[in-house]
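Colleague: Here the protein sequences come in this chain order: B and S. The first sequence begins at 1 in the numbering used here and counts up by one. The second sequence begins at 1 in the numbering used here and counts up by one.
Don't take each hint at face value.
Unchecked claim - Chain B regions said to be covered by chain S (calculated; three or more residues, Cβ under 8 Å):
id : segment
1  : 151-158
2  : 177-191
Claimed, not checked - With a Cα cut of at most 30 Å, we get these calculated DSS-like pairs of lysine-lysine:
id : chain 1 : residue 1 : chain 2 : residue 2
3  : B       : 3         : S       : 200
4  : S       : 50        : B       : 3
5  : S       : 50        : B       : 127
6  : B       : 257       : S       : 100
None of these hints come from the bench; they were simulated from the model. For glycine and all other residues, C-beta sits at the position ideal for the given N, C-alpha and C.
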Amino acid sequence: MKKLLWVVMLLVAFAFIFPIVMMFFTSFKAEGEVLNPASVVPKLWTSENYRNVLEWSEEAPFGRWLLNSVFVSSSVTLLVLTLSSMAAFAITRLKVKGGGAFLGAVVFSMMVPGQLFLVPVYFILSKLHWLDTPAALIVPATAGGFGVFMLSQFMRAVPSAVEEAALIDGCSPAQVFINVTLPLCAPALATLGVLTFIGSWNDYVSPLVYMDSVRNYTLPVGIAMYQASYYTEYGRTLATSVLASIPLLIVFLVFQKQIVESMASSGLKD
Amino acid sequence: MTWKKRQQLTGYLFLAPYALSFLVFLVLPILVALVLSVMQFDLTATEQIKFIGTQNFTDAWKDDYVKQAMIATARYVLLFVPSLLVLSLAMAVGLNAVKKGRNVFRGMIFLPGIFTIAVTAILWQFFYNLEFGFFNWVIKQFGGTAVPWLSEKSLAMPSIVLMSLWWLSGGTAVILLASLQQIPTMYHEAAALDGAGSWKTFSKITMPLIKPVLLFTVLTNTIGAFQMFPQASLLTQGGPELSTRGTVQYIYEIAFQQYRLGYAAAISWMLTAVIMVFGIVQFIAMRRNSAQ
Numbered sequence: 001m002k003k004l005l006w007v008v009m010l011l012v013a014f015a016f017i018f019p020i021v022m023m024f025f026t027s028f029k030a031e032g033e034v035l036n037p038a039s040v041v042p043k044l045w046t047s048e049n050y051r052n053v054l055e056w057s058e059e060a061p062f063g064r065w066l067l068n069s070v071f072v073s074s075s076v077t078l079l080v081l082t083l084s085s086m087a088a089f090a091i092t093r094l095k096v097k098g099g100g101a102f103l104g105a106v107v108f109s110m111m112v113p114g115q116l117f118l119v120p121v122y123f124i125l126s127k128l129h130w131l132d133t134p135a136a137l138i139v140p141a142t143a144g145g146f147g148v149f150m151l152s153q154f155m156r157a158v159p160s161a162v163e164e165a166a167l168i169d170g171c172s173p174a175q176v177f178i179n180v181t182l183p184l185c186a187p188a189l190a191t192l193g194v195l196t197f198i199g200s201w202n203d204y205v206s207p208l209v210y211m212d213s214v215r216n217y218t219l220p221v222g223i224a225m226y227q228a229s230y231y232t233e234y235g236r237t238l239a240t241s242v243l244a245s246i247p248l249l250i251v252f253l254v255f256q257k258q259i260v261e262s263m264a265s266s267g268l269k270d
Numbered sequence: 001m002t003w004k005k006r007q008q009l010t011g012y013l014f015l016a017p018y019a020l021s022f023l024v025f026l027v028l029p030i031l032v033a034l035v036l037s038v039m040q041f042d043l044t045a046t047e048q049i050k051f052i053g054t055q056n057f058t059d060a061w062k063d064d065y066v067k068q069a070m071i072a073t074a075r076y077v078l079l080f081v082p083s084l085l086v087l088s089l090a091m092a093v094g095l096n097a098v099k100k101g102r103n104v105f106r107g108m109i110f111l112p113g114i115f116t117i118a119v120t121a122i123l124w125q126f127f128y129n130l131e132f133g134f135f136n137w138v139i140k141q142f143g144g145t146a147v148p149w150l151s152e153k154s155l156a157m158p159s160i161v162l163m164s165l166w167w168l169s170g171g172t173a174v175i176l177l178a179s180l181q182q183i184p185t186m187y188h189e190a191a192a193l194d195g196a197g198s199w200k201t202f203s204k205i206t207m208p209l210i211k212p213v214l215l216f217t218v219l220t221n222t223i224g225a226f227q228m229f230p231q232a233s234l235l236t237q238g239g240p241e242l243s244t245r246g247t248v249q250y251i252y253e254i255a256f257q258q259y260r261l262g263y264a265a266a267i268s269w270m271l272t273a274v275i276m277v278f279g280i281v282q283f284i285a286m287r288r289n290s291a292q
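Here chain S stands alone, though its shape is the one from the complex (with noise of 0.2 Å):
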């Protein structure tokens, strides 16, 4: 044997490890879930297990309570990205701006990220209590009324919406933070010669130099969003009237409740294609700036 070809078999001694994993852990799993899809597969009714074809999908498409979960995560979804952008920027550009204790305070505004969720949801479950929680006590001081944060309807949603805020907006503002940093100052020196004012070298200037990396964010953070689910599961199950309960939370009852595999299965392809077109979006912008 040469010794190339030795070197060739001690590495794939080195990579076959992780392989292995890799095979069992990501690429099986990926067609179990496409086996699973066309079967009618009941961990209740394991002697009707069969092949049903594209019927679990038909089933999902006329399923209201997958229109239903579809729809709250949408509303999740177009809540939390835009405020989480609108934040984190403006936090990145304060942060940018203070030259005095700028790591503490983004260390501080990025701590909460690195709570557990269930943490991070019973903190939040304490604020948000309708008679003695810290939000209400702060409305009735100022001589207003109780606010229902997580049962009425049209609150819900919001309230899980400013918890991920607090949760995640820091490690946003982060990324956003290092990519103005990277910006060249004689750029801005350059625009303030001229006579630009700030906003104006905000818009021209810092917004198309970061466009790149806040492409990235909002697209990570979408796809990210899509499957909310522990957040929600904790502060509200779900509810007032399933209204929170997004499509994970919806899969996962499915399959770890009533233990139907294949539909819940189905209903995860059908929110995969949809991730998917965000993350081909991602791969294609990825590629592109790598390539300039």
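Chain B on its own, in the form it takes in the complex (with noise of 0.2 Å):
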């Protein structure tokens, strides 16, 4: 029983990663190859389909999307971590007025399905002229209460004896923020961070609305709008998604465990 049910675990893990699998494998296949799906290891490798994808094309530009994706979404994760957990500081730990009123409002605000934000955001973006532009895809993104919240929660679990401590003792706020809070958040940062970074990368909605030009885009709206031009040419389109998914594996295999651990406690929480 218990052996029975190790291997319907596995077959179904296997399921799980299968398409994963034939996304790389065929990536690799000649053209010719690639329609045959009895084949599913290549019988003869090729790097041609990432040749093609590699070659700078004014139509499809994979390079300069790659460029945008990583200056998105690195600005964004360290935008989101520096302003959230200033923020978190300045309610749990300067306990300024109002602060537990202002993070219940954040809290509140994390209710409202985020479609309603598609249509004014890009009114407040046209007046700003900032439409076409990396900050339409930043400075948004910063808004979103999670990080607050989340730090909040975590500073509130963790002492703040040593931090009053030094503050008594006279070191300024921004020395304990600096030097006592930000170490001791480590761990809940680098989880916030991960987070913050793969949701970015992912983001398909916002350039899509929020960008024009073809070589503003960021990867996932390049992608697809190259599916949609190379329709048939699935060795293409395959290699280009590998390309674009590689970053993320490893940040995955890194972060593994906090990943993971991140998404199972958010169920538990409260």
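Using the hints, put the two chains back together into the complex; each one sits in its own frame.
Modeller: Below, the structure is given as structure tokens:
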């Protein structure tokens, strides 16, 4: 019985990664072999698809999309970590008046469904003349309340005696924040950083709505557009997909524990 | 200035950057969405921008395309959420029972969730392809005929749901597994001593104990499913015959292909009203759980 269950779970787990394995193998197949599902592993390995993708072209500048994605996701991650930790520090450690009420408003805002923001944020970005610039993908992404909520919870759970002593001894709040609070919160910051990076890297709807020029796209919209124009050339589109996913696979392999555990605890928190 | 006052002032300086972003990109948009929804606001006819009261809402109420999109959305929610729950729960129970290799299996099941929807849709389009897709190849090996996964009206939505299950059920299974692991083993040992079978133990002990987490996953996934958009827009473009075009895709098309921002904002509010019902239930349920 135990053995049978183990085999079933193995099959289920295999079914989940099979499409990913298939994507990887197919991207190394020559054009003729791509359309033959009977061969899973390429009979003849070729890097032709990858060379086609990486050739810089005006219609599909893959390298440019990659740079845009790296720049946008890194900026979003850095800004979210900075702004959220500063805000959580002000609320839980410096205990600003009205901080609790502000946190309540932030948590309440997390209930408003994201689709409501599509049209008005587009309108605000157009007034700021930020449409079709990286700012449109970076700045609005820092407004979400999850980071402030999560870091405030974390800071409340760890004792603040050291920080209070340091403040009374005459350290400036900025010194305490940088030298005591941030190192203390390192595990929570790592988790928040990884989740923010993945979310930003995978965001498809924002660049679709706020970006206009092909060279300003990030990878998700770029590859979706690429797929629309090279519809049947699956070798190429799957090679693009593999390239776009490699940075995330690396992040996942390195931070698997943090990612899976933060997901797991999201249902248990309350 | 006293020390206390200075600390307050510094506090506000620390809070200010986030608060500014929160005000401009979370609070202000809600107000803008309210104003837009009562305006005739077409970017292609800017000289005709004017206040029209509730007309966008009455128009949307009569719009057959809105009705069609709401029906497509409801079909997705009703197909996706129950199947997600059953599949994730079964996988979580399975993972909880195996000891050897549990973390590896968990990682494998979770992995699809880290891919962007663009990659996910390309991959599944390849699998669903009529002539040379993997699924139809398997069916043909067993002597069947090719199935039009994405072009047949009755099949397109279930095909989108299947892809979404692959993409998202691992994450839910991980959440449920964590809640199963929190159940003290002595409960099950006591039930076994009393001679309870495994089904009885599951339904009388396990299920009631993980009920709060089950409710949480049902509600968050329902809220998410109501906003389904890229899955269908990439896999079927909302077809065949608009049968898989959800409400958010329709809002997107009105706002960013027809540039009718006012009308789009009104439909957005109608969908928000539906979603907020589930959001408020979730809020109350969370409050009650944390109060216990």
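Colleague: Determine for every hint whether it applies to the structure shown.
Modeller: Going through the hints against the structure:
1. Judged by the Cβ-Cβ criterion of 8 Å, the segment 151-158 of chain B is not covered by chain S as claimed, because only 0 of its residues qualify and three are needed.
2. Interface restraint, the segment 177-191 of chain B with chain S: violated (1 residues with C-beta to C-beta distance below 8 Å; minimum three).
3. A threshold of 30 Å between alpha carbons decides the hint, and for residue 3 of chain B with residue 200 of chain S the separation of about 22 Å falls inside it, so the pair holds.
4. Restraint check: the Cα-Cα separation between residue 50 of chain S and residue 3 of chain B comes to about 70 Å, which exceeds 30 Å; the hinted pair is violated.
5. At most 30 Å may separate the alpha-carbon atoms for a hinted pair to count; residue 50 of chain S and residue 127 of chain B meet this at roughly 18 Å.
6. Under the criterion of a C-alpha separation no larger than 30 Å, the hint pairing residue 257 of chain B with residue 100 of chain S is consistent with the structure, at around 17 Å.
Taken one by one, the earlier hints fail for this structure at numbers 1, 2, 4, listed in ascending order.
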